[in-house]
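Chemist: Single-letter residue listing:
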Amino acid sequence: MNNTDPSSLLHKFQFILDSDPLIDEVGFVHPSQFAAISDSSISLDPPSSDDNLKSKASEANPIDMAFWCRDHKLGISTHVIHPLYNAAKHAFMFSLKQYRMVVDLHTNKVVLDTDNVSNALSSLPALESEIMNHSRALLLLSCDFGTAWNCRKEVISKKEDIMLYFDELKLSTLVLSYSPKSERAWIHRRWVIKMIAGKCTDLHEVLKNESELAKRIAEKSKMNYRAWNHRCWLVSYMSESQIIDELINNRDWAGLNVADNSCFHYRTRLMTRTLDDSRYKQDAIENPSHATKFYQLWKEELTWSETLIKRYIGRESLWLYRRFLSLCWIKHFADRMCGDNVNLFLDSELLLFRSSTTIPDNVFEDYESQAMFAATYVMWLIKQLDEFRGLEIQQKVGEEIEEVVSKVCPNKSFLWDLVRMKSGRQ
Amino acid sequence: MWDVNELWMQFEIMILNKGESILITFPKQFLIGESCLIIMGELAAEQHAKYILTIEKKKDDVESVLMEHLRINGAYWGLTTLDILGKLSAVDQETVISWVMSCQHESGGFGGNEGHDPHVLYTLSAIQILALFNKIEVLDIEKVSSYVATLQNEDGSFSGDKWGEIDTRFSYVALCSLALLKKLYKINVEKAVRYIVSCKNLDGGFGCTPGAESHAGQIFCCIGALAITGCLHHVDKDLLGWWLCERQVKSGGLNGRPEKLPDVCYSWWVLSSLIMIDRVHWIDKEKLVKFILDCQDKENGGISDRPDDAVDVFHTYFGVAGLSLLEYPGLKAIDPAYALPVDVINRIFLN
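The listed protein sequences correspond, in order, to chains A and B.
For the first sequence, UniProt numbering assigns the number 426 to the last residue and increments by one with no breaks.
For the second sequence, UniProt numbering assigns the number 351 to the last residue and increments by one with no breaks.
Among the hints, a few may not be true.
[To be verified] Okay, the calculated beta carbon distance ranges per label pair:
#	chain 1	residue 1	chain 2	residue 2	range
1	B	N351	A	E387	47 to 57 angstroms
2	A	S406	B	H234	29 to 39 angstroms
3	B	E63	A	R100	24 to 34 angstroms
4	B	N351	A	G27	49 to 59 angstroms
5	B	R194	A	K158	28 to 38 angstroms
6	B	D309	A	E160	48 to 58 angstroms
7	A	E387	B	D140	53 to 63 angstroms
8	A	E387	B	K287	33 to 43 angstroms
9	B	G164	A	F28	28 to 38 angstroms
10	A	S406	B	V138	54 to 64 angstroms
11	A	T201	B	V342	54 to 64 angstroms
12	A	G255	B	S89	55 to 65 angstroms
13	B	H281	A	S406	11 to 21 angstroms
Just so you know, the hints here were simulated from the structure itself, not pulled from any lab data.
Ideal Cβ placement from N, Cα and C applies to all residues, glycine included.
Using the sequences and the hints given, assemble the complete structure.
Modeler: If you want it as structure tokens, here you go:
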């Protein structure tokens, strides 16, 4: 037997996973990289009577090395992925077939041969543990192998042990460490959380950890739709105080990642929750000070957004976020207060537009983008506001907008035609 | 669809450069058609067909085995590309169909490959592949449509499989499957539409669930589903068109979300959505054609996500399908909602 013998490879892989349950990161390593790290590698061999298997990984030629594991990080040689995958898949598919056969026997009790049924049932625990072992190995090589995730759900949902669900979160985290965009790994987490939501006493803590994980992954893998979507999904489980905490805690990160639209969408989701919380609507009547808290929150968000827009020139996400903030602000706050709050607000937005459209002489691309985003921002507001307000803005800055559009983005002039048509002034 | 005058101008410049003034005497109308090929650069159609046929046969290399769980999606991408290129006859139909049928599960749904669990995503691919070969009748239509129908939830949404994950992608896939099988009456269409509409965002786009970030792929699914059910009146076309046309970046390519790099696959997701809401004139189509053509591997065939990247079947399909939507000469027209050639759709609905 040598290192590339598929079944011994799988055996070795599963031995490593079993002997270090704290492994928190998996990655694929090219054999040439093994050479650089091999002097610090440790023995990974499973107890075996086969002498060849006992050769220490550290003594082996890097070319022959299959795995590297230290400080709970596991490296898998890119050279063994193929045979290892084949071995894991065949082992998994074989156990799955047997497992489902036994489960079928169990559910269809009409089978006459009762001896056979009880024999088969006695093998169920062993089959379940095989399934769990092989599907784990397989998912660490092929993250979106749906059938492997499914049969784990199948096995676990038949047990009463809530700790098993936490093990699933751990496996999903491990898979996400090498494939942060794995759709199935994220779906598995949501399934686990839905299953434990009613049973678990510290759901609050679980949600906090989930949000932390999504943040950690978003750090390494920018604009990861699935990570941020997971975080958005958690929002529906959050209490009002958690929403406010998330908004505050996420602010610094957002300020450092101004091109991450997903992060700003996450804030959109959180901010929207403060509006559609039924408590908020009630409070506006019964508890004005509570309503003031939200008013203050929105006002601060608008100020912060303006600071970022002025600090980071030409960032699309920041301007799109402002479209959302402004429209909601007008609809939910300014419009409901007495006085001329909407006009005051819009005037300040036009000032922002003007200050964003001055392009320095030594034309930088970013400044041109900034001017384009500022112009499309105002045009978008005109489109989304009622006719009267739209017309007012047009009267105030119409010519300036036309000038900016023809200068920096003539291809967007149809948008200007669109908003003018909407207000009936062609 | 090309601006005749602009084409004429470009053509004149080209001719002047080559000094072949004699061609100028051709009427302008002559330019619409085959000569677009000369002006726009060339689609390496033969090579792409060859590329698809090679990977169709490859099953044992590491790239293929690691994707084997969704092989049926790959088969749909590859076969549809071949059909658009007019090369579907190069495939052994019987082998493909018997393999597709081997992926069916006893529940009626299809897995991504033989022995894999069923999912609505793979079920649509199976139906689409059979539609390409005019072989939908080999299906037990009652059984397949019942499998899809049972995935609808109380709020109108669809789960992808029995494990319950909900996504507007699954709504599209379910509605598209049932429409192709002419079994839409098996579900509550009104509720399905209401759920999709509830995923609409303030920016006019759609996400995978209510409140999720707008994403061009999800927008295609929602708009496609609304188009199939005749419910596009729920959409503010100007607002959505605005967001979609802002996906075109300087290189002419389209991205799927703000601040992302352009990617050939959005030539399908964004473009088909723009066509369905009648706002395709809001982007620069010629620049987009050029971007897609720049992503070809002209020697070995295949199209990649961005120029000079490695090609794959997924992007080859989206590139060729995008060019078909852009009425690139020599390609079969593709239906923007069903993602199948128009003649295939006509065969199903007009017969």
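Chemist: A separate judgement is required for each hint: does it hold in the structure or not?
Modeler: Taking the hints in turn, this is what the structure says about them:
Distance hint check: the CB atoms of N351(B) and E387(A) are about 48 angstroms apart, consistent with the given range 47 to 57 angstroms. The supplied range of 29 to 39 angstroms is met by S406(A) and H234(B), whose beta-carbon atoms lie about 35 angstroms from each other. Remark: the range hint 24 to 34 angstroms for E63(B) to R100(A) is upheld by a beta-carbon distance near 29 angstroms. The hinted range of 49 to 59 angstroms is satisfied by N351(B) and G27(A), whose Cβ atoms lie roughly 54 angstroms apart.
For the pair R194(B) and K158(A), the beta carbons lie near 35 angstroms from each other, so the given range of 28 to 38 angstroms is met. Taking the beta carbon of each, D309(B) and E160(A) are about 49 angstroms apart, inside 48 to 58 angstroms as hinted. For E387(A) and D140(B), the Cβ-Cβ distance of about 56 angstroms falls inside the hinted range of 53 to 63 angstroms, so the restraint holds. With their beta carbons about 35 angstroms apart, E387(A) and K287(B) fall inside the hinted range of 33 to 43 angstroms.
Taking 28 to 38 angstroms as the suggested C-beta distance range, the pair G164(B) and F28(A) conforms, at roughly 32 angstroms. S406(A) and V138(B) have their C-beta atoms about 59 angstroms apart, which keeps the hinted 54 to 64 angstroms range intact. Between T201(A) and V342(B) the C-beta distance comes to about 57 angstroms, which sits within the given range of 54 to 64 angstroms. At roughly 58 angstroms, the beta-carbon separation of G255(A) and S89(B) lies within the given 55 to 65 angstroms, and the hint holds.
Take H281(B) and S406(A): their Cβ atoms lie about 19 angstroms apart, and the range 11 to 21 angstroms holds.
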